[in-house]
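Spelled out, the chains give:
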Amino acid sequence: MSQQSSCLLTVLDLVPFGQTGQDSRFFALRLTRPDWDGWRPGQFVMVRPVSFGLEIPWARPFGICHMTARHLICFFQVQGKGTQRMAALREGDKVRVWGPLGNGFAVEPETPTLLLAGGMGIAPFVGYVNQHPKPWNVAMLFGHREPLSCYPVDSINEHVPLDSLRETEPGDLDNLIFTLQERIRDNAEQKGLVLACGPLPFLKTVRRFALEYGARCQLSLENRMACGVGACLGCVTRTTETWPVPAKRGGLVQTCNHGPIFWADQIEL
Amino acid sequence: MDLSVTLRGRRHELRLKNPVMTASGTFGYGTEFAPYGDLSRLGGMVVKGLSLQPRDGNPCPRIVETTAGMLNAVGLQNDGVDSFLRDKLPRLPWEQTPVVANLYATSAPEFAELAARLDEAEGVAALEVNISCPNVKQGGILFGQDPAQAAAVTRAVVDAAPHKPVIVKLSPNVTDIAGMARAVADAGADMLSCINTLAGMAVDVARRAPRLANVIGGLSGPAIKPVALRCVWQVARAVDIPVIGIGGITTAENILEFILVGASAVQIGTASFMRPDAAFALVEDLPEACRRLDVDSLDDLRGALVTG
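Just so you know, the protein sequences line up as chains A and B, in that order.
Quick note: the first sequence uses the working numbering, first residue 1, plus one each step.
Quick note: the second sequence uses the working numbering, first residue 1001, plus one each step.
Do not take every clue at face value.
Pairs of lysine to any residue, SDA-like flavour, derived with a Cα cap of 20 Å [stated by the list, open to error]:
| id | chain 1 | residue 1 | chain 2 | residue 2 |
| --- | --- | --- | --- | --- |
| 1 | A | 248 | B | 1086 |
| 2 | B | 1017 | B | 1002 |
| 3 | A | 248 | B | 1052 |
| 4 | A | 204 | A | 173 |
| 5 | A | 81 | B | 1211 |
| 6 | A | 81 | B | 1202 |
| 7 | A | 81 | B | 1205 |
| 8 | A | 191 | A | 263 |
| 9 | A | 248 | A | 223 |
| 10 | A | 94 | A | 35 |
| 11 | A | 248 | B | 1002 |
| 12 | A | 204 | B | 1052 |
| 13 | B | 1088 | A | 251 |
| 14 | A | 94 | A | 4 |
| 15 | A | 81 | B | 1052 |
| 16 | A | 94 | A | 173 |
| 17 | A | 81 | B | 1204 |
| 18 | A | 204 | B | 1059 |
| 19 | B | 1017 | B | 1256 |
| 20 | A | 81 | B | 1066 |
No lab work stands behind these hints, which were simulated from the structure alone.
Work out the full structure: start from the sequences and follow the hints.
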């Protein structure tokens, strides 16, 4: 894995998604490229604009959406005071970034791979499908609440079929759960690979079906974290009896440096 | 400019190439930060609090961001002293930079047992006794708020660790920190560090609930620096052993503030969460800050505060 570093990057631009103008809550943040050797889809970065000053001490974790020879792109939704201030970033502003952090998703070129994205959980899959050596073996199911135009779906590889399920009324949730169940069961029968990223209730549902049908499944967790490097112990998650390190079975491990991607059977949710 | 400092304790001294140490609980076991800087450039490293047995700590959520700070109620999750000595310590550059083991126990005899183990471990330069953690029910803060108990724990550790300097970490959650400092110094502590976190709370009105599962946590970060400066100033005037200043340091000038009020060295805590290379950057920045503020020698600056 490539060596991590902490660097001061410059904002190239901040592109709003969905409704334009001042009300937008969805953004792609494009930064100058850090001096990293490489990255793996599913890895994340800690982002702390200089404008946080002393007032907002923590950086915010974001899955790497994409990184090219020229730039690093993260996708975010305005949720609290940190992302609110990030929405005010302008070209030329400075941002402290450290990474690439965590382990990344499994890539098995020949395996039928089902990507399950919930809301902002789509961000790391943009990089995943665009780096996958055989994208025709990949399919995505995307559950979301906001209009599709709020999310970076246009940048997803055209070879990857994308089924989008928007949740606007209570019945839609049942439909999403039912579809998740069917797709996970089908994938398990094909001895495929399921990768999921999204809010906790979404991941819990995916995990339940994955364990029920014996699907090989990885979950990307986004627990609250301060440091991203394994020191603050805020993001810990409990392992199960199948955790590979015997001494840590049933114990707590940091999501940031033991994850954020975990095999569904190896952690409790 | 020579930035080295020697902390001359009652029995032993601790020599640092510069006054910048990392604070326990904010720097993991050191190796987590190796990608972001050269560990051997630090003045010293204080690793995550160790107990005899591994501990899970408190339930989540156990950290929360607050204005210019954070609360934590981690509750001393750690892998235990054996795992540290066997798996972690050998990976640290302890021959170049002193590694200080922070220790936590629930009774004086347990403190003594832990101290004896660390005293004989090659690679551990000093012991820092945690009698001030607000997040554990037994031990911790109980010892740190009662001068007689604090003195008893100090004596137990000092007696069990004859070969190494013993640092006692003080809590700000007391009425008279100078009195606590004197009690611990009289009990044989080689040096003191202060402050640990301030007990605090954050609540969510919409949910009518506390933001930490433990309800109460310890406040750290830039928000506590004025309290920390006051405590270090009071403690440094009360005792004749070295004091290590801790609390909200984010710049090289902040380091000089602590030395001015009487600290011999400092520890960098929450700043390491604000950027993982914070401590390394402060080591780099310190000479320039000294030049700018006409500081020719850290020894001359120490305790040189002019009051009316």
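Cross-check of the supplied hints:
no.: 1; hint: A:248 x B:1086; in the structure: holds (16 Å)
no.: 2; hint: B:1017 x B:1002; in the structure: holds (8 Å)
no.: 3; hint: A:248 x B:1052; in the structure: holds (17 Å)
no.: 4; hint: A:204 x A:173; in the structure: holds (14 Å)
no.: 5; hint: A:81 x B:1211; in the structure: holds (16 Å)
no.: 6; hint: A:81 x B:1202; in the structure: holds (16 Å)
no.: 7; hint: A:81 x B:1205; in the structure: holds (17 Å)
no.: 8; hint: A:191 x A:263; in the structure: holds (15 Å)
no.: 9; hint: A:248 x A:223; in the structure: holds (19 Å)
no.: 10; hint: A:94 x A:35; in the structure: holds (16 Å)
no.: 11; hint: A:248 x B:1002; in the structure: violated (45 Å)
no.: 12; hint: A:204 x B:1052; in the structure: violated (35 Å)
no.: 13; hint: B:1088 x A:251; in the structure: holds (18 Å)
no.: 14; hint: A:94 x A:4; in the structure: holds (19 Å)
no.: 15; hint: A:81 x B:1052; in the structure: violated (40 Å)
no.: 16; hint: A:94 x A:173; in the structure: violated (40 Å)
no.: 17; hint: A:81 x B:1204; in the structure: holds (15 Å)
no.: 18; hint: A:204 x B:1059; in the structure: holds (19 Å)
no.: 19; hint: B:1017 x B:1256; in the structure: holds (16 Å)
no.: 20; hint: A:81 x B:1066; in the structure: holds (11 Å)
In summary, the structure is inconsistent with hints 11, 12, 15, 16 from the numbered list given earlier, while agreeing with the others.
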